[in-house]
Amino acid sequence: MTPTPVRSTPLRTEQIILFRSSTQIFAISSGSVQEVRSVDSLAGSAAELSDSSVKKVRHVLRRTDRTLYVVNSVLHFGLRPSPAALIFLLRRSRAALLVDGIEKMTTMTRLQALPPAFCNEERLWYRGLTVLDQNVIPVVNPLGFLTNEELLQLDAIANPVVADPSPATNEAGFTL
Amino acid sequence: MSVLEQLDSRSCVLLRLGDRRFALTADQVVELVAPSRVFRFPNRTKELDGVILRRGRVVPVCDISEPLTGKRMGARRFYLISSRATGIPGDSVAVPVSGDCELIHADLTPAGSDDSPHVAAWLSHNGEVIEVLNLTALTPAGADAILSQAETAMPEARA
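Here the protein sequences come in this chain order: C and E.
Using the working numbering, you'd call the opening residue of the first sequence number 25 and step up by one each time.
Using the working numbering, you'd call the opening residue of the second sequence number 31 and step up by one each time.
Simulated from the structure, these hints should not be mistaken for laboratory data.
Only a predicted model underlies this, so the values are computations on that prediction, with no experimental measurement involved.
Hints are not guaranteed to be accurate.
Said to hold, decoys possible - List of simulated lysine to aspartate or glutamate pairs, EDC-like, C-alpha gap at most 16 Å:
id, chain 1, residue 1, chain 2, residue 2
1, C, LYS79, C, ASP179
2, C, LYS128, C, GLU38
3, E, LYS76, C, GLU146
4, E, LYS76, C, GLU145
5, C, LYS80, C, ASP124
6, E, LYS76, E, GLU96
Claimed, not checked - These stretches of chain E come out as covered by chain C in the derived footprint (C-beta under 8 Å, 3 or more residues):
id, stretch
7, 58 to 72
8, 88 to 102
From the three backbone atoms N, C-alpha and C, an ideal C-beta is built for every residue, glycine too.
Model the full structure from these sequences, guided by the hints.
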């Protein structure tokens, strides 16, 4: 009788982009980023929201299939102001993300849930935490940048600018 | 069975916060660790200082010194990693302490209805009456957070 060979379970990994906003490094799944563009390349296609009640959103982008609200990540996370250079256009989201720059692309092998002691908005902001080179990096939730309430406010302001046929909610349907 | 009902004669860890001493039941205490790097990232839970990394696990740091003594701990501090009675396996916090902790065995008197929520019991040691702390009352954990953690911990545990 021959022993059954032990099969090792392959380690599941996820490709991530490490990006910088102000002095903070964040991670985002590369699968949730559809495009990375420079701020300059979108200068002509972004319309300004002159009277946005959602302070972190100043511009709206009209794509062929959807309207994207440009979220300033520094304002979203309450960080010290810094010049943004890149925009992440996110998949399955109505937000585009303004960031300072990309640090690198890498792989994470483990995503730890946010400890329960963190009990406020950060639970929507982050999928969890990962450890890379003995550093703790928050992994952002691509659907956590705009709540349904904020989307409704933005749609009301943006309607004179663009007529968006898509529903007002994120696919995740987050509300605060 | 509540924490209070379990209390009688127990092992406790005495810890010093500023000029005062407090106690935690020893079964809550995971370990005392040397001063460690605190990692900070944006969040809206003001009670937390950040997180430390211990054996690959991320542990939130909660300075309970300020609500208990009115003063924050200094920069040079140890961390007493303690589990919390939230029902979530592995839910723990790192409490900054001055480092001189002591394991004792003492008879505990359950807290009364007039005591603050952070007092789980009282003990007497060397002529001093010391509060046995209820960490769950001293550290943040919203009901929603606990619920969502319980529901999503496994799918998100590994990417």
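Results for each hint:
1. This hinted pair checks out: LYS79(C) and ASP179(C) have alpha carbons roughly 14 Å apart, not beyond 16 Å.
2. Taken as a hint, the LYS128(C) and GLU38(C) pair is honoured in the structure, with Cα atoms around 14 Å apart against an allowance of 16 Å.
3. For the suggested pair LYS76(E) and GLU146(C), the alpha carbons sit about 11 Å apart, so the restraint of at most 16 Å is met.
4. Taken as a hint, the LYS76(E) and GLU145(C) pair is honoured in the structure, with Cα atoms around 12 Å apart against an allowance of 16 Å.
5. For the suggested pair LYS80(C) and ASP124(C), the alpha carbons sit about 15 Å apart, so the restraint of at most 16 Å is met.
6. Simply put, LYS76(E) and GLU96(E) have alpha-carbon atoms about 12 Å apart, close enough for the 16 Å limit, and the pair holds.
7. Counting residues of the stretch 58 to 72 of chain E whose CB lies closer than 8 Å to any CB of chain C gives 3, so the stated coverage by that chain holds, three being the minimum.
8. With 4 residues having a beta carbon nearer than 8 Å to a beta carbon of chain C, the stretch 88 to 102 of chain E meets the requirement of three or more and the stated coverage holds.
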